[in-house]
Amino acid sequence: MNRLREADVAVDRENIEKALDKVVPLFTSPNNSDVTESMQFVIEAVCFQVQKAPAVARRVLPSILSKEDGVREATLDAFMQLYVCDDPATAAFKMAQLASMANLGECAALEEIVRTLSQRGAIDEALGCLWDILEHHGGEASPTVHAVRGAVLLS
Numbered sequence: 001m002n003r004l005r006e007a008d009v010a011v012d013r014e015n016i017e018k019a020l021d022k023v024v025p026l027f028t029s030p031n032n033s034d035v036t037e038s039m040q041f042v043i044e045a046v047c048f049q050v051q052k053a054p055a056v057a058r059r060v061l062p063s064i065l066s067k068e069d070g071v072r073e074a075t076l077d078a079f080m081q082l083y084v085c086d087d088p089a090t091a092a093f094k095m096a097q098l099a100s101m102a103n104l105g106e107c108a109a110l111e112e113i114v115r116t117l118s119q120r121g122a123i124d125e126a127l128g129c130l131w132d133i134l135e136h137h138g139g140e141a142s143p144t145v146h147a148v149r150g151a152v153l154l155s
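Numbering-wise (this note's numbering), the sequence shown opens with residue 1 and increments by one.
Please note that the accuracy of each hint is not assured.
[As the list claims (entries may be wrong)] With a straight-line cut-off of 25 Å between C-alpha atoms, the simulated SDA-like cross-links for lysine to any residue are:
# : residue 1 : residue 2
1 : 52        : 103
2 : 18        : 58
3 : 94        : 40
4 : 94        : 54
5 : 94        : 48
6 : 94        : 76
7 : 94        : 24
8 : 67        : 103
Everything labelled a hint here was simulated from the structure, so no lab data went into it. Bear in mind the structure is a predicted one, so any value in this text is a computation, not a measurement.
Turn these sequences into a full structure, and let the hints guide you.
Structure (structure tokens):
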């Protein structure tokens with residue numbers, strides 16, 4: 001019985017991974033519900049630990065530049081669910097890692113997301129922890145070079 005479940009999970013992950021390729025074009029759909037539902041699908045794929053889901057999740061970020069308030073809010077919600085958790089230090093590390101892997105367009109979108117969430121006070125503690133990443137660079141529990149690069153980009 002347990003092996004059957006493992007096989008089902010593997011098949012489900014494969015199917016989700018295939019579906020991710022089809023979801024990406026929906027991020028630019030003129031239909032708001034297409035955009036928001038595709039974002040939710042990507043969040044679920046990340047939670048389900050589908051291998052390429054984190055890379056696809058970064059492609060959600062430019063949706064913050066939409067003129068539609070519903071899409072902008074959905075992008076902020078997706079960001080909060082994917083990268084901001086209860087622990088500000090972990091959130092800072094995730095945001096720094098994200099920034100270090102982001103392309104130019106994703107960095108511009110990330111800047112807008114961080115600016116908007118910071119104005120709302122939603123990520124103040126995590127932003128404070130970015131400085132901790134920079135201060136501990138080179139120490140015993142030093143963060144990765146990618147995390148430091150990301151922290152610099154977000155600072």
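Tell me the numbers of any earlier hints that the structure contravenes, in ascending order. none
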